[in-house]
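Build the full structure now, drawing on both the sequences and the hints.
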Amino acid sequence: MLLFVVTFACARLSADGGKALVGGTLINGLGSTPIQNNVILVRNGRIEKVGTIDTLQVPEGYEVISTEAMSVLPGLWDMHVHLMINGHSDYDYWDVAYADKLASEIMPASAVQLLLAGVTTARDLGAPLEDSLKVRDRINAGVVLLVGTDNGIPMKFHCQSTWNELDVWVRIMDIPAMETIQSATYWPSKFMGVENDWGTIVAGRYADIIAVKGDVLKYINLLQDVDFVMKGGVVYKHDGQAVEENLKTR
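Remember, this note's numbering sits 6 above the position in the sequence shown when you count from 1.
Derived by calculation from the structure, the hints in this document are not laboratory data.
The structure presented is a predicted model; accordingly, all values stated were derived computationally and were not measured.
The C-beta atom is built at its ideal place from N, Cα and C for all residues, glycine as well.
Don't take every hint at face value.
With a Cα cut of at most 20 Å, we get these calculated DMTMM-like pairs of lysine to aspartate or glutamate [as the list claims (entries may be wrong)]:
#1 K224 <-> E251
#2 K219 <-> E74
#3 K55 <-> E201
#4 K196 <-> E185
Simulated restraints, written as ranges between beta carbons of each label pair [claimed, not checked]:
#5 G220 <-> E251: 25 to 31 Å
#6 G67 <-> K254: 22 to 28 Å
#7 N227 <-> G67: 35 to 41 Å
#8 A248 <-> V174: 32 to 38 Å
#9 S38 <-> D203: 28 to 34 Å
In structure tokens form, the structure reads like this:
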């Protein structure tokens, strides 16, 4: 059994310059009331301060990124992905023909697809498993569910599977949108023991932040078209477009 967290480092480990995300509605991952007219200060890859337009002034020299009319939330986690496959079904051919390209081409391409879809951290279950891993965390006699899509298997594409599962949770399973978002942000980080660094938008955490136009608590399917992606303070998607220079590997 091989379990590990994949974090994306497409360009650099952190961003040096200060950035300010200004104007959005913050869903911080903790299940608390959303904060409107939000300001998030980011520096050196981490969240420096969180406040509102009325309470937190943007320091001079910070790059201001507008998140007005957007829902701002922690980067999504997917707790079950396969970076070595890309939605195909011909394993016999793929595993032989592309065995030497897994680490250099295929897995990095899968990681970029996830990143641009707003999944900033993923748990890759690529090795054969003898026993099924049952992911459960009991709190107050309840069971906390974690989002895990089996991304990469036939017809489960890295660019769409995570948002699709979130939509099913809300629309079909009748799970509140706020709880669904926590199951793709805070609870996975808690399960992995890294909640002090990832999973919420709180001062001191790594700046893994996404944003979508509109009210994601009302329309969870807005996550199918993530407009903004920041990982470790580096912007990889802005205004719905990939920032190509930041996706280049060193």
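How the hints compare with the structure:
For the suggested pair K224 and E251, the alpha carbons sit about 34 Å apart, so the restraint of at most 20 Å is broken. Simply put, K219 and E74 have alpha-carbon atoms about 8 Å apart, close enough for the 20 Å limit, and the pair holds. The hinted pair formed by K55 and E201 meets the criterion: a straight-line CA distance of about 17 Å does not exceed 20 Å. For a cut-off of 20 Å, the pair hint linking K196 to E185 stands: about 14 Å separates their Cα positions.
At about 28 Å, the beta-carbon gap between G220 and E251 stays in the expected band of 25 to 31 Å. A beta carbon spacing of about 26 Å between G67 and K254 agrees with the range 22 to 28 Å that was offered as a hint. With their beta carbons about 38 Å apart, N227 and G67 fall inside the hinted range of 35 to 41 Å. At about 26 Å, the beta-carbon gap between A248 and V174 misses the expected band of 32 to 38 Å.
Between S38 and D203 the C-beta distance comes to about 19 Å, which lies outside the given range of 28 to 34 Å.
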